[in-house]
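Single-letter residue listing:
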Amino acid sequence: MGFSVAATFTIFGIASLLVFGIIGSVIVDNIRELSRISKMELKEEDEDFEILNITATYNGNGTYKLEVVIKNTGSTTIDAEKFTFLVDGEMKQMTCNVSKIYPLNPALFTNGILIGYNQTSHRLKAVSERGVEKYAEYAVG
Amino acid sequence: MGFGDSASHMIFFIASILVAASVSAVLFVTVQKMSIEIQEQGEHLKQIISTDFEIINDPDSIPSASSIDGTIYTFYIKNTGTNSIVFTPETVTVIIDGLVVGNNDLSLTPYGKLKAGEVGQINVTTTLNTGDHKITVVLENGISDTLEFSVG
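Sequence lines, in order, name chains R and W. Note that the first sequence covers residues 1 to 141 in our numbering. Note that the second sequence covers residues 1001 to 1152 in our numbering.
No lab work stands behind these hints: they were computed from the structure. Values in this document were obtained by computation on a predicted structure and should not be read as measured data. Incorrect hints may have been included.
[What the hints assert, rightly or not] Anything over 10 angstroms on all C-beta distances counts as not near chain R; from chain W, calculated:
1. S1061
2. S1084
3. T1088
4. P1110
5. G1117
[As the list claims (entries may be wrong)] Just the calculated beta-carbon pair ranges, DEER-fashion:
6. R:S25 - W:S1084: 25 to 31 angstroms
7. R:R32 - W:N1129: 49 to 55 angstroms
8. R:G62 - W:T1109: 25 to 31 angstroms
For each residue, glycine too, the CB sits at the ideal point set by N, CA and C.
With the rest of the complex left out, here is chain R:
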């Protein structure tokens, strides 16, 4: 009788170890994955930038050259290729002089041919990789 109780306890013991092992590993995996994502979310909060200067030079023929200087004021590096610019609401391709904008560094974005006459005003919206948005207005001159 005593031996059967011991055997039963042993079987239950091994089974519970297996059970806790399985549940534990799954929960640990999930927590690890979630903490990785949380770190990326925090990184997103660290992204910030400022539009330092805008120069719009009239080319003639109803076009102008737009140069936008952006400074990374956050604490993470921003991918310049993933910056988006909207001029008067329409998305425009801009080339950048660097591929990565490191913290506190400026970057120059250029588009040589945009439609607009001399002395006209335009709205610019810049959006970074993680969705930080800034607006600015400028006049072609």
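Starting from the known structure of chain R, arrange chain W on it as the hints suggest.
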């Protein structure tokens, strides 16, 4: 008496082992199912947390073009998450002023997937009166973003 005693002990022993083994087996299977469920829930949660996007239009200046069926309004969607977004009219729901836009009036670029950091374009063919409007874009996993904009 001695033989009967040890026989009954043996029967008890075998019976208890069988009961313990079957209970353990049931417990093991149940826990395995639970762990699969937890894993699936975790995957789902991970997908929801890592999916994010924004409608990045200038609300004061929505690009538009005239067409035979109405006006085509262009909305820009930026994938600000870490996962690709499934970007098709079947997986993306567009609601303007509370009304769902039909698939026939939607055109998405690029078709298929929108990678992290990329900007996609949703062209909506509709007629909007001058004034304020609201667009909500909902992804297949329920993540949504809303933009209030004006049409001049």
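Hint check results:
1. Look at S1061 (chain W): its CB is around 3 angstroms from the nearest CB on chain R, not clear of 10 angstroms, so calling it non-interface is violated.
2. Its beta-carbon lying about 14 angstroms from the closest one in chain R, S1084 (chain W) satisfies the requirement of being farther than 10 angstroms from that chain.
3. Listed as a non-interface residue, T1088 (chain W) keeps its Cβ farther than 10 angstroms from every Cβ of chain R; the least gap is roughly 20 angstroms.
4. Its beta-carbon lying about 13 angstroms from the closest one in chain R, P1110 (chain W) satisfies the requirement of being farther than 10 angstroms from that chain.
5. With a closest Cβ-Cβ approach of about 4 angstroms to chain R, G1117 (chain W) is found to fall inside the 10 angstroms limit, against its non-interface label.
6. Between S25 (chain R) and S1084 (chain W) the Cβ separation comes to about 28 angstroms, which falls inside the hinted range of 25 to 31 angstroms.
7. Judged by the Cβ atoms, the range 49 to 55 angstroms given for R32 (chain R) and N1129 (chain W) holds: they are separated by roughly 52 angstroms.
8. Remark: the range hint 25 to 31 angstroms for G62 (chain R) to T1109 (chain W) is upheld by a beta-carbon distance near 27 angstroms.
This entry does not satisfy hints 1 and 5, going by the numbered hints stated previously.
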